[in-house]
Amino acid sequence: MPLKHRVDKMGTNYYIEFKYFEFKALFLNTTRKYGKKASLALNVWVKLARAFTTFNNLTQNDIRRYGLTQPQFGVIECLGHLGPMTTGELCKKYLVSGGNMTCVLDNLEAESLVERVRSRKDRRAIVVQLTAKGQKLFKQAFIQHAEFVAKIVSVLGEEEQQQLGGLLKKLGLALQEQ
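Residue numbers for the sequence shown follow our numbering, so the first one is 5 and each next one is one higher.
One thing to keep in mind: the hints can contain errors.
As the list claims (entries may be wrong) - Using C-beta positions, here's what the derived DEER-type ranges look like:
id	residue 1	residue 2	range
1	R122	S101	29 to 35 Å
2	L168	R120	35 to 41 Å
3	N65	L168	17 to 23 Å
4	S116	R68	18 to 24 Å
5	G87	L175	25 to 31 Å
6	T57	S123	37 to 43 Å
It is worth saying that the hints were derived from the structure and are not from the lab.
These numbers were taken from a predicted model, which means no experiment stands behind them.
Glycine residues also receive a C-beta, built at the ideal position from the N, C-alpha and C atoms.
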């Protein structure tokens, strides 16, 4: 049986494990041991990591119904909203290496969802664009996925969603500067 996490009024983190009829509590006194600032930061980290894991698992499962991986869906979504772009531009959007993106594009191309063509502006550059089949999938899948994401985020009100979005953006941008 999994551990149950609790935090008391004094800031003491503890985990309770119920195993058969044995009761076992493991106290993690982060406030006394590391200080209030570190304890608060650790608490945020744990909550953020758990929320991300759960949210990511739910959205990945939804994306799988289209026969795509999360990176493949991201490329389809990006090209569907922003139009054709180079592999380098896609890599910057998704913070992935060129080798990683090449693999994703190879798989999408094998399914006839994207095609790579020489740029008209710079013949050295390769532009990635959706095929007709890719555009059809984008139009169908993205609307349904957006509705799914809206449903799972609806536990938060609109104002809470805006606040959370702003806070996560602030944290993400600050961390990128480090």
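Hint-by-hint comparison with the structure:
no.	hint	result
1	R122 - S101: 29 to 35 Å	violated (23 Å)
2	L168 - R120: 35 to 41 Å	holds (37 Å)
3	N65 - L168: 17 to 23 Å	holds (22 Å)
4	S116 - R68: 18 to 24 Å	holds (19 Å)
5	G87 - L175: 25 to 31 Å	holds (30 Å)
6	T57 - S123: 37 to 43 Å	holds (39 Å)
Violation of the numbered hints given earlier is confined to hint 1; every other hint is satisfied by the structure.
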